[in-house]
Amino acid sequence: MLKKLQIKKHALTAISFMLPLVVASGLLIAIGNLTGGTVIENYQDAYSIPSALVSLGVLGMGLLAPVISGAIAYSIADRPGIAPGLLMGLIANAIGAGFLGGMLGGFIVGFFVLFLKKHLKVPKWAEGLMPMMIIPLVSSVVIGLLMFFILGVPIVWATDGLTSFLTSMQGSMKFVFGAILGGMAAFDFGGPVNKTASLFADGLLLEGIYQPEAVKILASMVPPFGVAFSWVLSKALRKKRYTKMEEDNIKIAFPMGVCMITEGVIPIAAVDIIRVVVSCTTGAAIGGGLSMLWNVGSPVPSGGLFIVPAMTNPFLFLLALLIGSVITGVMLFLWKKEPAKEFTEDTSDDEEEIDLSDVKITI
Amino acid sequence: MNIVGISACTSGIAHTYIAKEKLIKAGHEFGHKVRIETQGTIGVEDELTKEEIAAADLVIIAADIKVGGKERFKGKKIVEIPTNIAIKAPKQLYKKIEAELNAKQ
Chain A
7 MLKKLQIKKH
17 ALTAISFMLP
27 LVVASGLLIA
37 IGNLTGGTVI
47 ENYQDAYSIP
57 SALVSLGVLG
67 MGLLAPVISG
77 AIAYSIADRP
87 GIAPGLLMGL
97 IANAIGAGFL
107 GGMLGGFIVG
117 FFVLFLKKHL
127 KVPKWAEGLM
137 PMMIIPLVSS
147 VVIGLLMFFI
157 LGVPIVWATD
167 GLTSFLTSMQ
177 GSMKFVFGAI
187 LGGMAAFDFG
197 GPVNKTASLF
207 ADGLLLEGIY
217 QPEAVKILAS
227 MVPPFGVAFS
237 WVLSKALRKK
247 RYTKMEEDNI
257 KIAFPMGVCM
267 ITEGVIPIAA
277 VDIIRVVVSC
287 TTGAAIGGGL
297 SMLWNVGSPV
307 PSGGLFIVPA
317 MTNPFLFLLA
327 LLIGSVITGV
337 MLFLWKKEPA
347 KEFTEDTSDD
357 EEEIDLSDVK
367 ITI
Chain B
100 MNIVGISACT
110 SGIAHTYIAK
120 EKLIKAGHEF
130 GHKVRIETQG
140 TIGVEDELTK
150 EEIAAADLVI
160 IAADIKVGGK
170 ERFKGKKIVE
180 IPTNIAIKAP
190 KQLYKKIEAE
200 LNAKQ
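Note that the protein sequences, when read in sequence, are chains A and B. Letter by letter, the first sequence follows residues 7 to 369 in my numbering. Letter by letter, the second sequence follows residues 100 to 204 in my numbering.
Think of the hints as simulated: they come from the structure by calculation, not from any bench. Be aware that one or more of the hints could be misleading.
What the hints assert, rightly or not - Calculated cross-link-like contacts (lysine to aspartate or glutamate; reagent style EDC-like; alpha-carbon spacing at most 20 Å):
id, chain 1, residue 1, chain 2, residue 2
1, B, 190, A, 278
2, B, 195, A, 361
3, B, 194, A, 364
4, A, 366, B, 170
5, A, 123, B, 170
6, B, 176, A, 364
7, B, 194, A, 361
Next comes chain B alone, as it looks inside the complex (with noise of 0.2 Å):
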């Protein structure tokens, strides 16, 4: 699948890059393709592209707090969680997400 995805965490500086290498790594061994953008104190980094958000599968949103540009994936098929899922279990995670799309089909 194609996967785009925000991250963001409470004190911005060290959970969300977290999520987004766990997201990431975890993805990769089951084959898919994940993009994910943080939205740390900082701001946001890594941008998603439109082009990306047209061409993705699924939006993964691993945040603790509000995160922005929420209306970018009106239409897409959205799974919530906070940064603890994504960073303790991301294996399970997407296990979980997959057992929810075949149920769905």
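If we strip away everything but chain A, and leave its shape as in the complex, we get (with noise of 0.2 Å):
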């Protein structure tokens, strides 16, 4: 049954059709940010060519949550799968959902589409309707209001629990508090949790507190930096530990975590989530302990490394950072297995024993 639901087919589909629009839109918020760019709060005003980069970045990766939502719905369903799978996506954006919200909504809406395309009967003159107008709005009322009422409601839950848990646990112990802070900014790669995280620290900047503002910082380049740590080890000991693809994007994602931009790892962890997520958080969580314990303070909420001088304490948030990095580049080394054998390089005609019981030919 599941195998029949092809769902990594529809997932790989979605990575495939959002693949180039993470890399332009990290590189155009890298490029903008390095030249000086920020986020345009207000177009009637006059703005820099920096800052229109970093605002069409920006806008970009709003379009992640959409175009991997209508990717997986376009996968399942075809054609009438893409408008409704689409909507779906901002719906994960508007409730704060992110890239997760995405994903399901469109796998809901993907199949809702599919199952109304082969079960819903309608009169002959009222065929042509079907697609342009039936199937699009039945599938986006019932999804959507499903997503709205039903589905975010956990999500917000969640968000407030955090919230207030977090405030309480400021008085506490500083290293507790910055390593739950610096494990939430990790753990999502830039979704929902890590923007509770980002805004709870933007906040507390507001309020003149800069250590979590630097916490948040440390935790989006943790992940970057320490799966191409792992890389680099699994190099340097000669023990593979990634195929072709993922090498790809481990060199396109680290480069993007100079710029504090942390979805480069989405594709990386996509594969292999349980530790890829299980090893940034912690050493994520670790990095931003020793942070918070060492008293790193952040002025200004991003920029990546590029704004490390204007930490209160440059040489300590670095240590801390390398640590952190470290100890995810390791457990992710450890813990990683040997991926299957590729044979992309190799011209040779020998071939491993494969199972083709699947292989069926169908009319």
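Assembling the complex is the task here: the two chains are given apart, and the hints tell you how they should meet.
In structure tokens:
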């Protein structure tokens, strides 16, 4: 049954649609940040070219959830899936369910559209209306309301619970606080949990408390640095841990990480979610705890390595970042298994035994 | 046999083309005439013509993701596999296909 649903194929289709978007948007943000740009708050005022680049990149990142959701629904239900899929992704953005919410919405609405295509019978004269009006409207109403009112509720609860929890932790042990904040900021690579921690840190910044901001910046860089470090380890010790495709993704994720963009790790996490998430969260938590303990503060909310000189204690910040990244890297290196043998560069005619029992000819 | 097909992988820059080469190379060894259309991130390349599809005895779709234009193969015998089978074991694949075809007759 599960095999028939082809969950993996739909997710891979979404990733293949998403990759060019993430790379373009990430690099736009990186180039813009490097040249001194910031997100444009008000388009009525004058703005610079770097700010235009950063803003375009941020807008592009905002398209992530809709594109994932739309591509999954398209993969499941073909063209009628696209419009409702994009809408479900927008809902995920609006209610703060991010990239995971987009995936969930895409799958649900995709299968619903497929169901409608197969089972909804209309009179002959209305058949032309099916793909144009009936399917997009009915699926958007039914699954859209489900997203807003039912699937959204636990996410909002989680967000609320988290905020009050964080606030109550404030006075107690600094390390624990920093570890929780750091772990959260790294947990979903720029998703809703990260955004909650991020918002919290930004809020405290306005109150003149700079330490959580440093933890947030650190935790956004630990996943890409840690993954890159585990790759360096695997190269140095000649123990293969990543496929060719993952290596290419790591090479993109690292420079994005320098600019404090964690999203580059998503394609690597998507194929091995538990190991990557646990390792990244652990490294970021320890690094964040140390940063908090050492009282490192950052008056700037974003900018990656380039704003480290602006921090209250750049040296200790870098040390905490290094420790966190090394922990993530070593964990990944030890925990990840050697990938299945690749035959990409191999031109020999030797073939390994492979299970072909699923190969069926259909007409 | 006359074989046409499509290959497509997730990142659409490498495995798509390796799968194509492997299918063609192994196919020739078995005496098949093989034409593969690639659907990479750059878009469709080496698009199959109507005549090629009409003349084909079998369609091989080696893809990890959704491919476009499947409706062109209506009424044809179709084999759908992930790209790794085409890359790792193209000869075993052709043998298996022959066995399946013989079993059907």
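Enumerate the violated hints, using their earlier numbering and listing them in ascending order.
-> Violated: hint 1 alone.
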